[in-house]
Amino acid sequence: MFDNFPLWPVRASAGAGNVDALYIFLVALSALMCVAIFTMILVFATMYRRRRGVEAEQIEGSSALEITWSIIPLGIFMVIFLWGAVIYFHERTPPQGASEVYVVGKQWMWKLQHEEGPREINELHVPVGRDVKLIMTSQDVIHSFYIPAFRIKQDVLPGRYSTAWFRATRPGVYHLFCSQYCGTMHSGMIGQVVVMEPAQYQAWLSGGGTTGSLAASGESLFQQLGCPTCHRSDTQGRGPILAGIFGKPVQLEDGRTVIADENYIRESILSPSAKIVSGFKPIMPVFQGLVGEEQLNALVAYIKSLSPAPSGAAGSTSPTPAGTRSQNP
Amino acid sequence: MLSDSPIAVEQHGPELLHHFVDAEQQRDAASLGMWLFLATEVMFFGGMFCAYLIYRYWYYNEFAAGSRSLDIYLGTINTAVLICSSLTVALGVRAAQMGKRKLLVILLLLTIVFGFAFLGIKGVEWYDKYKEHHIPGNSFNVDDLVKDYPQIHIDPRHEQIYFSLYFAMTGLHALHMIIGVGIFIFLTYYAWKGRYTPKYYTPVEMGGLYWHFVDIVWIYLFPLLYLIDRKPLR
Amino acid sequence: MATAAITTERENYLNKEYGIRSWLLTTDHKRIALLYLASITFFFFIGGFFALLIRLELLTPAGDLVQADTYNKLFSMHGQVMIFFFLIPSIPAVLGNFLVPLMIGAKDLAFPRINLLSWYLYIIAGTIYLHCIVTGGVDTGWTFYTPFSTAFSNTRVIEAGISIFIAGFSSILTGLNFVVTIHRMRAPGMTWSRLPLFIWAMYATSIIQLLGTPVLAITLLLVVFERAFNLGIFDPTRGGDPLLFQHLFWFYSHPAVYIMILPAMAVESEVVACFTRKRIFGYNFVAMSSIAIAVFGFLVWAHHMFVAGISLYSALVFSILSYLVAVPSAIKVFNWTATMYKGSISFTTPMLYAFGFIGLFTMGGLTGLFLACLGIDVHVHDTYFVIAHFHYIMVGGAVMGYLGGLHFWWPKISGRMYPEAWGRLAALLVFVGFNLTFFPQFILGYMGMPRRYWQYPPEFQVLNVLSTAGSTILAIGYVLPMVYFLWSMRYGKIASDNPWGAAGLEWKTSSPPPTFNFEEEPEVTWEAYNYEQIPAPAEVNVER
Chain A
1 MFDNFPLWPV
11 RASAGAGNVD
21 ALYIFLVALS
31 ALMCVAIFTM
41 ILVFATMYRR
51 RRGVEAEQIE
61 GSSALEITWS
71 IIPLGIFMVI
81 FLWGAVIYFH
91 ERTPPQGASE
101 VYVVGKQWMW
111 KLQHEEGPRE
121 INELHVPVGR
131 DVKLIMTSQD
141 VIHSFYIPAF
151 RIKQDVLPGR
161 YSTAWFRATR
171 PGVYHLFCSQ
181 YCGTMHSGMI
191 GQVVVMEPAQ
201 YQAWLSGGGT
211 TGSLAASGES
221 LFQQLGCPTC
231 HRSDTQGRGP
241 ILAGIFGKPV
251 QLEDGRTVIA
261 DENYIRESIL
271 SPSAKIVSGF
281 KPIMPVFQGL
291 VGEEQLNALV
301 AYIKSLSPAP
311 SGAAGSTSPT
321 PAGTRSQNP
Chain B
1001 MLSDSPIAVE
1011 QHGPELLHHF
1021 VDAEQQRDAA
1031 SLGMWLFLAT
1041 EVMFFGGMFC
1051 AYLIYRYWYY
1061 NEFAAGSRSL
1071 DIYLGTINTA
1081 VLICSSLTVA
1091 LGVRAAQMGK
1101 RKLLVILLLL
1111 TIVFGFAFLG
1121 IKGVEWYDKY
1131 KEHHIPGNSF
1141 NVDDLVKDYP
1151 QIHIDPRHEQ
1161 IYFSLYFAMT
1171 GLHALHMIIG
1181 VGIFIFLTYY
1191 AWKGRYTPKY
1201 YTPVEMGGLY
1211 WHFVDIVWIY
1221 LFPLLYLIDR
1231 KPLR
Chain C
2001 MATAAITTER
2011 ENYLNKEYGI
2021 RSWLLTTDHK
2031 RIALLYLASI
2041 TFFFFIGGFF
2051 ALLIRLELLT
2061 PAGDLVQADT
2071 YNKLFSMHGQ
2081 VMIFFFLIPS
2091 IPAVLGNFLV
2101 PLMIGAKDLA
2111 FPRINLLSWY
2121 LYIIAGTIYL
2131 HCIVTGGVDT
2141 GWTFYTPFST
2151 AFSNTRVIEA
2161 GISIFIAGFS
2171 SILTGLNFVV
2181 TIHRMRAPGM
2191 TWSRLPLFIW
2201 AMYATSIIQL
2211 LGTPVLAITL
2221 LLVVFERAFN
2231 LGIFDPTRGG
2241 DPLLFQHLFW
2251 FYSHPAVYIM
2261 ILPAMAVESE
2271 VVACFTRKRI
2281 FGYNFVAMSS
2291 IAIAVFGFLV
2301 WAHHMFVAGI
2311 SLYSALVFSI
2321 LSYLVAVPSA
2331 IKVFNWTATM
2341 YKGSISFTTP
2351 MLYAFGFIGL
2361 FTMGGLTGLF
2371 LACLGIDVHV
2381 HDTYFVIAHF
2391 HYIMVGGAVM
2401 GYLGGLHFWW
2411 PKISGRMYPE
2421 AWGRLAALLV
2431 FVGFNLTFFP
2441 QFILGYMGMP
2451 RRYWQYPPEF
2461 QVLNVLSTAG
2471 STILAIGYVL
2481 PMVYFLWSMR
2491 YGKIASDNPW
2501 GAAGLEWKTS
2511 SPPPTFNFEE
2521 EPEVTWEAYN
2531 YEQIPAPAEV
2541 NVER
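Line by line, the protein sequences give chains A, B and C.
Following my numbering, the numbering of the first sequence begins with 1 at its first residue and continues without gaps.
Following my numbering, the numbering of the second sequence begins with 1001 at its first residue and continues without gaps.
Following my numbering, the numbering of the third sequence begins with 2001 at its first residue and continues without gaps.
If you're looking for bench data, these hints aren't it; they were derived computationally from the structure.
You may find that some hints are simply not true.
Unchecked claim - Lysine-lysine pairs mimicking DSS-like chemistry, simulated, CA-CA at most 30 Å apart:
| id | chain 1 | residue 1 | chain 2 | residue 2 |
| --- | --- | --- | --- | --- |
| 1 | B | K1147 | B | K1129 |
| 2 | A | K111 | A | K248 |
| 3 | B | K1100 | B | K1193 |
| 4 | A | K281 | A | K248 |
| 5 | B | K1147 | A | K281 |
| 6 | B | K1122 | B | K1231 |
| 7 | B | K1131 | B | K1147 |
| 8 | A | K275 | B | K1129 |
| 9 | A | K133 | A | K275 |
| 10 | A | K281 | B | K1231 |
| 11 | B | K1231 | B | K1131 |
| 12 | B | K1147 | A | K275 |
| 13 | A | K275 | B | K1231 |
| 14 | A | K248 | A | K275 |
| 15 | A | K133 | A | K111 |
Model, not experiment: these values are computed from the prediction.
Please construct the entire structure, taking both the sequences and the accompanying hints into account.
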């Protein structure tokens, strides 16, 4: 809009328009309320300014008015709530089939890794029109991944994954900010999101020296760490079979059932005794401290690749919203 | 300091504070004030109970193992000690109500003795934990628990959370006990001096309320910390 | 006039005793109120000084005035000082302490010695915090988020935590005193439905102080323990949960904002009634909405955590509850506005602050609707939009309420009138300066400028410059009252018992009141705001 004096960032994602529409509605509503109240006050202040011989009229109140001006705002608030809730629900439900980028935040930089392989620091290249899901964790304190032009933001926590997603709709370069105070160079933990035409993106992908896909490096790490010793592909292993488990329910030996999402995989590597699969013994070694965040991401990507990609249409809901973690209050 | 005007002293005892209309208002104010203060204490301990509930739900095995490592005999004795002390407190309030000064002093002293007994036993328990390296911090070590429970694979980090909460909760409780004992020492002194009569025994009553509250906190702490799972392991 | 009055000056709480011991050992609620007035004003200027440095740094996109670490300390300590050492005590400890017994016809609060203890706890806490500032300060943000505060910050987190822990007890004891006083010490005939709305709002505030502050206390204590003894309750590398900290912290810190605004609403009701010479429209609804705000205020804390990693369903629940808590505030604004209908309105300084309050609180409250809205909050959370929102409420609302109240009751407190022309000028400067400082920040926030940023991209500069310009005007507006209030204590016109012709028991005793408040215990046979029975003063500033 107003190029020289913008009131909002450029809209560069599929969801940005919805957010702005709601925002403009709220601005208009607020302006209306302010004008109404301020005008009334102005009018009353003028009409009923103190004049000699004119007494104030004592009015106790009016239940009818009170109820009216409680119910109507409440109704409007519920509309705003619902509109915002729908947008939020959509924002927190990444569509099936989205391509994935693993993000690691640390004081004070962003490390990103595409599933196709390339790694970036403080920059994220994406093609226009593709659903991109971010799987994020922090190496130290809480950070937050914020792209104003996409209207998305998600806190990035140590010890677990959090997710966000977007579909870029406009080529260009946009700000990436850390928006959760994280220490000295919090305001320096910024970067850019580069949205490219699909053809340019392919070119960029193949431009750098390929190190193989993230899942491939995860596989080699899997071998290196000796995981296949117990996690065999037959039922003879001392550990559960890993093929096909991602996204499916898992029965634990204490009776609970959990969904094998990214956080479950991550926790099973770092703290295996937290959730023992039914029928197995708690003998898996603890890898906390032995694998770094990026290696974890690679392992998670590999294990995910052992399950068939869900074939649902983009936007269909999964059994549990993908933004939830295995444990949360 | 504001002084009582002569008229006030004539019509009421010196314990009536000048800003109150009469003794009943003063007593009602004190009572409401103490109950409100106890409500704030509930909120204060509540934060820790909240943390406890969440971590126990997540780390049940470690909490159970930590719980079993506490001395249930000492814990039970302490519970009995506190319940007896609440009895002596209640009887003391009654003694004050009936004007029995000597009995009141004896009961208050007994309460203090019970209080010290509780603190002493708690000190012994803490010392045991110290010897077993179960105090969180740099020398924290739960290899003994890991060894004792091979089938449930204790994560030492989660175990440390149990013990952190154990020490925070029993520590704050003990602090409140110490304050309670202090209050009762004052009460005993003034009771011995004859300050409390059937017409004015509000401090005894209020001190009693506080003591009962600290006792109730323990009644919750005991099962939550000591009795998580005392069944023999499969 | 002033000199002649000395020989005939009645004995009041100010001249009853002289000497520093009579002040430092007083149990008179009115003197304690003045002790608080001096102390919180001191901390207001410290917090304000930090704010000025922040705004100066933000004149340019680059970080070129102070180092990054220093800037981080500045905004952290600005927040902590302003919230814990200025705003939370402000109206309750100054105006509340002074007025609650007077308004209900009592001789003092229920527990005068605990009242003095409250002040000493505040002073001890403040001293510790000052020590914290000069020995390096704290850089965790006012919110102490873990694991940064427990495991990564190299600043004086433990000291700041202990300081605020102690300040919390000052707040709790004040609240306890007020609740017991209002329940047990009302004069004969002062039924609940005859109480001034100021008392209803202070009562609601006190309930929040009582029940919410202990949770902050235990949370800060756990942070201190974690840091001091290397525990792991909030540290994910050791099995802890950083989100647990956030839940516990916000469980207090959200109701805390109602501790800050309800007293300003309390003042608003009294000032609007007096300068429209009318009973507040909808007394019952205004009284009940204070209670409703206190109750609902405890149910919405996780609206600070919509993007923190809580579940989708929690977010939905907290969003809808947040809209519910907005309704009672809206009701109050409508009722104050309706009171002006067919009133007889004077434009004194307190009334100017009251007008400003309605305007700015309305704007701040409306922007709260934006933040409660899940879809919008994702975009504006942790940006300058939030900063603008809470400053509109806390500064545009609470501080204007505080200043308006100080001006309104100044004659009662000091026995003098402040200079009206200067009062109006300061009110105007505050209003203009405030809007210029904070309105641009709404735009900055939606544009995407995150908060707590020492340096920022150049496209945000123009709005930042506007904001800093406004802050200088605001600063002048704040300094002026300090100067003329002090001036008035010596040279101000002597005030009569009831210079404004206001309703309320406090105006039925002398200005300043005697130590025991009333010559005789009042007996109330009239409803609150009985303006039809009170003659309007001939002039607004009345000389004896």
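Mind listing which of the numbered hints don't hold for this structure, in increasing order? none
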